[in-house]
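Asks: For reference, the chains in residue letters:
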Amino acid sequence: MPATRPLPELVCPAGSLPALKAAVDNGADTVYLGLKNDTNARNFAGLNFDDRTAREGIRYAHQHERKVLLAINTYAQGGDISRWHRAIDEGADLGVDAIILADIGLMEYARRRYPELRLHMSVQSSATNYEAINLAQELFDIRRAVLPRVLTLDQVKQVIDHTRVEIEVFGFGSLCVMVEGRCLLSSYATGESPNSHGVCSPAKFVRWEHGSQALGARLNGILIDEYQQGEPAGYPTLCKGRFEVEGDTYYALEEPTSLNVMAMLPQIIDIGVAAIKVEGRQRSPAYVAQVTRTLREALDAAGREPQRFSVKPGWTQALSKLAEGQQQTLGAYNRPWK
Amino acid sequence: MRIPELTLPASMASLLGRLPATPPCWALVTTLNQLKKRDILPADMSLLAGHSFEVHVQDAGLRLGFSADEENFKVASVGDTPDLRLSANLADFARMMLREEDPDTLFFNRKLIIEGDTELGLIVKNLLDSVDWSSTPLQRFMAV
Chain A
1 MPATRPLPEL VCPAGSLPAL KAAVDNGADT VYLGLKNDTN ARNFAGLNFD DRTAREGIRY
61 AHQHERKVLL AINTYAQGGD ISRWHRAIDE GADLGVDAII LADIGLMEYA RRRYPELRLH
121 MSVQSSATNY EAINLAQELF DIRRAVLPRV LTLDQVKQVI DHTRVEIEVF GFGSLCVMVE
181 GRCLLSSYAT GESPNSHGVC SPAKFVRWEH GSQALGARLN GILIDEYQQG EPAGYPTLCK
241 GRFEVEGDTY YALEEPTSLN VMAMLPQIID IGVAAIKVEG RQRSPAYVAQ VTRTLREALD
301 AAGREPQRFS VKPGWTQALS KLAEGQQQTL GAYNRPWK
Chain B
1 MRIPELTLPA SMASLLGRLP ATPPCWALVT TLNQLKKRDI LPADMSLLAG HSFEVHVQDA
61 GLRLGFSADE ENFKVASVGD TPDLRLSANL ADFARMMLRE EDPDTLFFNR KLIIEGDTEL
121 GLIVKNLLDS VDWSSTPLQR FMAV
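Same order as they appear, the protein sequences are chains A and B.
161 is the number that the UniProt record's numbering gives to position 161 of the first sequence; each next residue is one higher, with no gaps.
102 is the number that the UniProt record's numbering gives to position 102 of the second sequence; each next residue is one higher, with no gaps.
Everything labelled a hint here was simulated from the structure, so no lab data went into it.
One should not assume that every hint holds.
Cut-off 30 Å, straight-line C-alpha distance, at most; resulting in silico cross-link-like pairs (DSBU-like, lysine-lysine) [claimed, not checked]:
id: 1; chain 1: A; residue 1: K312; chain 2: B; residue 2: K36
id: 2; chain 1: B; residue 1: K74; chain 2: B; residue 2: K36
id: 3; chain 1: A; residue 1: K157; chain 2: A; residue 2: K312
id: 4; chain 1: B; residue 1: K111; chain 2: A; residue 2: K321
Cβ-to-Cβ under 10 Å is the rule here; a few derived chain B residues that face chain A [what the hints assert, rightly or not]:
id: 5; residue: L47
id: 6; residue: A49
id: 7; residue: D102
id: 8; residue: N109
id: 9; residue: I113
id: 10; residue: I123
id: 11; residue: V124
id: 12; residue: L127
id: 13; residue: L138
id: 14; residue: M142
For each residue, glycine too, the CB sits at the ideal point set by N, CA and C.
Whenever a hint applies, use it, and build me the whole structure from the sequences.
Replies: Take a look at the structure:
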């Protein structure tokens, strides 16, 4: 195992200024954030940054020699794309270190207007092979691509071996059912989806019903799940609901689990992953602090002694508490798919 | 400072539950208004105005009802169905406020109960998360 591989950047989420500061204070190399509108895929009421908090956050991060990425990772909607163009203009003006884009029309705009601006290709672009990534590099000079959480470790390596674009992978957080950027489940139920409105299961469609026996979760009237007393709850997304299929009621699509790649950190470093991303801009500063601190420790340990690396029980404990469904998985990374 | 795993005894709830809720409620509303006035609580009142809220401290048997208008928070009688009710034990509320614990984590673990308008709940949660205590003397009490 070559010891010369640089450690991947630890890229952490910030939905608010205190979350950004928590990420920086606890060892994130890079923080990513979004603006207060539907130009990003965590368009939740009261979340995200306005001009003042974005400037303060960028100042704080840069003062501590960390980087800030701006996520503009929804698809510009036909009626009026000026909001997305303005978001790119604002990112350039704010002096972010890169912009994360999904829509190739926006990549073209950003490249043409701001030739110096560093561009990353979002996970929402759903680029899972090196041909797609190399094409985006050729056309728009993207410098990094975030891979969807659908590839095995061997497949990630295959991509890295065939591109000069930096590769970022997800390391921790809620899992998306295997079709990132192409999911239509939320719009099936509500007419709104992450790619179009920047939000999966919009809160205005969610209703929690407190019955005497169980807590019911409804999305626009559709019963998604019922949690018995003491049973852990999850996010009210269609993909993680329990449905009756041919007489059986079970997680017919995906179980509410969180991705956690800690056990694979030495391999991830070894194949040359450039950055590890933590999901969760919708979560609080407490989550950001705890996840960042734990992954920082684990990543440093894996970098120091990759052969002797093992996951400390304390790390697992800290992260499992925060996980959705309180289960953790290595996801697609360790599937035997070829 | 770590909040210990602690539930108030049931006798406390039955005692406190009989006392008038107005003084603690007044204290809560006054604190919220002060924080807002000093720009520590970055509340967009247009999102909260016209809504009724209840904070239910389960183990203390306390129900704190208040409402909001375009300017301020006010003590209010909210009846049985406030627009938003947040219920938890005192220790979990404290963990959430001091940023020892993430509200989503408490919700997944069924320690925080959110009833009523889910979007309003999200607005309130995100408002509390966006308070930058580092600009205040309360910073030293914060876990993050």
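Asks: Work down the list of hints and note, for each, if the structure agrees.
Replies: Going down the list of hints, with the structure as the test:
no.	hint	verdict
1	A/K312 / B/K36	violated (43 Å)
2	B/K74 / B/K36	holds (13 Å)
3	A/K157 / A/K312	holds (26 Å)
4	B/K111 / A/K321	holds (13 Å)
5	L47	holds (7 Å)
6	A49	violated (14 Å)
7	D102	holds (4 Å)
8	N109	holds (6 Å)
9	I113	holds (7 Å)
10	I123	holds (4 Å)
11	V124	holds (8 Å)
12	L127	holds (5 Å)
13	L138	violated (12 Å)
14	M142	holds (9 Å)
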